[in-house]
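Q: Those sequence lines, one after another, are chains S and H. The first sequence runs contiguously to residue 361 in the numbering used here. The second sequence runs contiguously to residue 302 in the numbering used here.
Please keep in mind that the hints were generated in silico from the structure rather than gathered at the bench. Check before you lean on any hint, since a few could be wrong.
[Stated by the list, open to error] Where chain H lies over chain S, by a calculated footprint (3+ residues, C-beta under 8 angstroms): (1) 83–94; (2) 143–157; (3) 336–344.
The beta-carbon is built from N, C-alpha and C at its ideal position, and this holds for glycine as well.
In case you want the letters, here they are:
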Amino acid sequence: MLDSQMEALTDMATASATVELDPRDRGGAQQPLLIVRDLLKHFPVKGTGGKSVQAVDGVSFEVQKGETLGIVGESGCGKSTLARLLLHLIRPDSGELVFDGDPVDAPRGITVSALRRQVQMVFQDSYSSLNPRMPVRDSVAFGPFVQDTPKLQAREIARDMLAKVGLNPDQFGPRYPHELSGGQKQRVNIARALATNPRMVILDEPVSALDKSVEAQVLNLLRALKRQFNLTYVFISHDLMVVRYISDRVLVMYLGRVVELGPSEKIFSAPQHPYTRALLASQPSMDPARRMEEPPITGDPPNPIDPPSGCRFRTRCSFAEAVCEASSPGLASIGGDTAHVAACHMLDRASGHSLATAGSA
Amino acid sequence: MSQTATLPASPDTFEDQAAPETKIRSYWQSVGYRLRHDKMTIFFGSIVILIVLAAIFAPLLAPFDPYKESIIGRLKPMGWRNHTLGTDELGRDMLTRLLYGGRVSLLMGIVPVIFATCVGGMLGVIAGFMGGRVNTGIMRTMDVFYAFPSVLLAVAISGAMGGGMLNGMLALTLVFIPPMCRVAETATTQVRSLDFIEAARATGAGTFIIVRHHVLGNVLGPVFIYASSLVSVSILLASGLSFLGLGVRPPTADWGLMLSTLRQSIYVVPVVCALPGLAIFVTSICFNLVSDGLRAAMDVRM
Chain S
1 MLDSQMEALT
11 DMATASATVE
21 LDPRDRGGAQ
31 QPLLIVRDLL
41 KHFPVKGTGG
51 KSVQAVDGVS
61 FEVQKGETLG
71 IVGESGCGKS
81 TLARLLLHLI
91 RPDSGELVFD
101 GDPVDAPRGI
111 TVSALRRQVQ
121 MVFQDSYSSL
131 NPRMPVRDSV
141 AFGPFVQDTP
151 KLQAREIARD
161 MLAKVGLNPD
171 QFGPRYPHEL
181 SGGQKQRVNI
191 ARALATNPRM
201 VILDEPVSAL
211 DKSVEAQVLN
221 LLRALKRQFN
231 LTYVFISHDL
241 MVVRYISDRV
251 LVMYLGRVVE
261 LGPSEKIFSA
271 PQHPYTRALL
281 ASQPSMDPAR
291 RMEEPPITGD
301 PPNPIDPPSG
311 CRFRTRCSFA
321 EAVCEASSPG
331 LASIGGDTAH
341 VAACHMLDRA
351 SGHSLATAGS
361 A
Chain H
1 MSQTATLPAS
11 PDTFEDQAAP
21 ETKIRSYWQS
31 VGYRLRHDKM
41 TIFFGSIVIL
51 IVLAAIFAPL
61 LAPFDPYKES
71 IIGRLKPMGW
81 RNHTLGTDEL
91 GRDMLTRLLY
101 GGRVSLLMGI
111 VPVIFATCVG
121 GMLGVIAGFM
131 GGRVNTGIMR
141 TMDVFYAFPS
151 VLLAVAISGA
161 MGGGMLNGML
171 ALTLVFIPPM
181 CRVAETATTQ
191 VRSLDFIEAA
201 RATGAGTFII
211 VRHHVLGNVL
221 GPVFIYASSL
231 VSVSILLASG
241 LSFLGLGVRP
251 PTADWGLMLS
261 TLRQSIYVVP
271 VVCALPGLAI
281 FVTSICFNLV
291 SDGLRAAMDV
301 RM
């Protein structure tokens with residue numbers, strides 16, 4: 001079915017993998033493509049006396065060049081807000097974005113529109129993210145057209161991109177979104193995001209609305225395109241298996257904060273934070289012999305308008321003690337491994353938690 | 001014409017994708033295609049065109065002078081001495097006056113709607129897209145106008161400014177701006193919150209370009225349809241103004257005015273007196289049905 005096409009893409013991808021650095025590269029290979037520092041966004045809520053939904057509350061992380069960073073968390077933990085903050089589609093209340101060494105929207109840095117020339121986004125709802133009254137080729141051509149590409153050339157790019165995502169431009173280009181299936185629409189959305197030749201793509205639950213077979217096709221397409229165009233992905237999902245499949249590193253969010261961040265295999269084989277462990281335990285195992293020993297997570301996340309003091313997970317954590325209520329744990333490295341960090345008092349010997357170790361669990 | 005079924009030697013990468021069953025048309029081609037297959041709309045559309053043409057070419061078609069009075073030929077029934085549709089209370093030929101009256105009535109029906117669509121639509125798109133205080137400011141001002149029934153408002157405005165055709169059209173325009181604005185605002189607000197606007201912003205497009213390429217196309221449909229349904233309302237309101245003596249002045253022919261002056265003679269020649277009313281009824285119902293058909297044809301999702 002799609003195999004021939006996928007092979008073609010993979011061949012192209014291996015050919016282009018030898019390409020060293022993007023000509024637009026400024027910071028060099030060691031410079032993270034995106035540095036996020038203390039990003040904060042609270043949405044004020046009317047009628048609560050000045051309270052606000054703490055959607056993203058001091059999130060910091062880095063995205064290395066060429067990697068895929070997966071972001072997981074329950075519904076309402078601020079994943080999508082974070083995605084929109086990264087593109088300044090929502091203005092952050094405070095915090096800093098540094099793109100390839102240049103601070104965004106800062107006096108000595110690059111402007112938001114310069115950022116948007118290099119970062120693009122794929123949205124979750126493939127239907128509402130395409131203009132219903134525009135043939136899909138025009139939707140794809142819109143990005144390059146806005147970024148000063150002449151109209152005819154923009155159309156050429158659109159044809160090219162549609163073909164690259166596996167849609168025949170002659171057949172599908174003139175169609176309207178309602179004439180396409182969910183998977184085809186999401187392919188168009190991917191083509192639209194890639195049409196402006198970005199260096200980084202933020203994928204906000206790109207496969208969550210698709211059924212399983214199409215999901216796999218789209219994930220493979222995303223992988224192939226990443227290699228072909230030397231892309232960096234920030235991949236947001238609530239589906240742990242999807243994140244595991246596509247990510248190099250994984251960031252776990254809970255109620256607007258980072259609770260654990262580390263290499264994908266570490267997060268899935270040796271999760272440190274009780275929330276990550278509970279999250280992993282909550283997914284059914286394929287192997288009946290491999291039963292999870294962790295207690296499954298129960299209840300809903302607390303109200304983000306009034307989050308718990310100290311550690312935000314303490315209300316649902318079976319290890320919660322007084323110290324968890326008193327102070328909020330910082331991200332601590334685990335067993336001297338700076339790549340893997342988690343925010344839990346049990347990982348910090350000095351915290352006073354009765355089960356505290358130096359993170360060798 | 002015949003390049004329908006198979007795509008000749010398409011690259012094998014696309015072989016899994018079914019060939020389109022129908023020819024690919026551009027937007028306006030497909031609107032035309034749907035319209036051609038809608039017999040109702042074609043029928044009523046041709047009546048509208050006939051009425052408009054009859055009004056435009058009234059001087060050529062009219063058998064008599066619209067202002068020529070006759071003392072002995074007053075209120076004669078249909079067919080009296082070459083007066084196909086009879087005569088009115090001053091002995092003027094009804095057919096002639098209906099043709100001339102159509103000019104005024106159609107003008108009063110269409111012009112205010114065009115102006116109201118431009119002004120109200122623009123205000124609505126601005127209110128809807130900007131949101132926040134701009135929206136509140138514009139929409140609450142519109143609500144003030146909404147507080148009055150439309151007929152009363154039209155009567156009040158043209159009454160304050162004095163009668164006459166121009167003032168009548170101005171009054172009708174003002175009456176139609178608030179509903180037009182609301183339709184445009186609602187459509188814009190719905191579109192604004194969708195992801196494709198976010199996606200357009202993510203490419204770095206400015207507000208003006210987004211409105212032009214992504215908002216207007218989605219707003220024009222409902223606005224246009226509402227406008228075409230307003231034409232019949234406008235004809236009726238204009239007739240009402242003339243009926244009350246606030247629109248055009250006698251002896252100018254106008255359907256509403258004719259209806260008003262002939263109503264006293266309804267017991268003498270009932271059929272003749274009902275003719276202007278029939279003209280208004282037929283015109284407005286045709287406009288309504290045509291706008292309904294256009295709505296169906298212009299919806300890409302059908």
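Q: Return the numbers of the hints above that this structure violates; sort them in rising order.
A: 3
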